[in-house]
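Undergrad: Sequence:
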Amino acid sequence: MLKPAALLLALLAVPAQADVAEVVAEHALPGLAKFTATTAALAAEQSCDPARLRPLYHQAFDAWAGVAHLRLGPVEEQGRVLAIAFWPDPKGLGAKAQAALLKAADPA
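What the sequence shown shows, in my numbering, is residues 477 to 584, in sequence order.
Don't read these hints as lab results, they were simulated from the structure.
Please read these numbers as outputs of a predicted model, since none were measured by experiment.
Mixed in with the good hints there might be a few duds.
Said to hold, decoys possible - Listed next, with one range per pair, are the computed distances between beta-carbon atoms:
1. A581 - R547: 19 to 27 Å
2. A516 - L484: 16 to 24 Å
3. K567 - S523: 18 to 26 Å
4. R556 - A576: 18 to 26 Å
5. D565 - S523: 19 to 27 Å
6. A580 - T512: 30 to 38 Å
7. F537 - A580: 13 to 21 Å
8. L483 - A581: 52 to 60 Å
9. A581 - R556: 18 to 26 Å
10. A581 - A516: 31 to 39 Å
11. L518 - K567: 18 to 26 Å
12. A520 - A561: 20 to 28 Å
13. P550 - A486: 38 to 46 Å
Said to hold, decoys possible - Below, simulated SDA-like cross-link-like pairs (lysine to any residue); rule was C-alpha separation at most 20 Å, straight line:
14. K579 - L548
15. K579 - G555
16. K579 - L558
17. K567 - V543
18. K510 - V543
19. K510 - F537
20. K572 - G549
21. K510 - D525
22. K567 - G555
23. K567 - V557
For each residue, glycine too, the CB sits at the ideal point set by N, CA and C.
Turn these sequences into a full structure, and let the hints steer you where they fit.
TA: Next comes the structure, spelled out in structure tokens:
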């Protein structure tokens, strides 16, 4: 009885670690490539007809949902992750709200 319990405790003590190269190759790069392709297709659409834009927007949003948790590289530069999170924001309400919060922030 003691040996199985000791083995179980030994196995529980080992932290789960993912192979970083594998995660990058199989998740991060394909996900970011998909997001790049879907946003490029959305940007290339000549028509402003909602019926044509809506599926492209949904594809881009779904691609972003797959990589939004990856907070590194170009996505983090110049607050792009926030711009994407609040996209579309034609009136700039997100930026205005953030600026007001920063201006009113307690400097302490």
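Undergrad: If a hint holds in the structure, say so; if it does not, say that too.
TA: Status of each hint after checking the structure:
no.	hint	verdict
1	A581 - R547: 19 to 27 Å	holds (22 Å)
2	A516 - L484: 16 to 24 Å	violated (51 Å)
3	K567 - S523: 18 to 26 Å	holds (22 Å)
4	R556 - A576: 18 to 26 Å	holds (21 Å)
5	D565 - S523: 19 to 27 Å	holds (21 Å)
6	A580 - T512: 30 to 38 Å	holds (36 Å)
7	F537 - A580: 13 to 21 Å	violated (31 Å)
8	L483 - A581: 52 to 60 Å	holds (53 Å)
9	A581 - R556: 18 to 26 Å	holds (22 Å)
10	A581 - A516: 31 to 39 Å	holds (37 Å)
11	L518 - K567: 18 to 26 Å	holds (20 Å)
12	A520 - A561: 20 to 28 Å	holds (23 Å)
13	P550 - A486: 38 to 46 Å	holds (42 Å)
14	K579 - L548	violated (27 Å)
15	K579 - G555	holds (17 Å)
16	K579 - L558	holds (18 Å)
17	K567 - V543	violated (26 Å)
18	K510 - V543	holds (9 Å)
19	K510 - F537	holds (11 Å)
20	K572 - G549	violated (25 Å)
21	K510 - D525	violated (23 Å)
22	K567 - G555	holds (17 Å)
23	K567 - V557	holds (18 Å)
Of the hints listed earlier, those the structure fails to meet are numbers 2, 7, 14, 17, 20, 21, in rising order.
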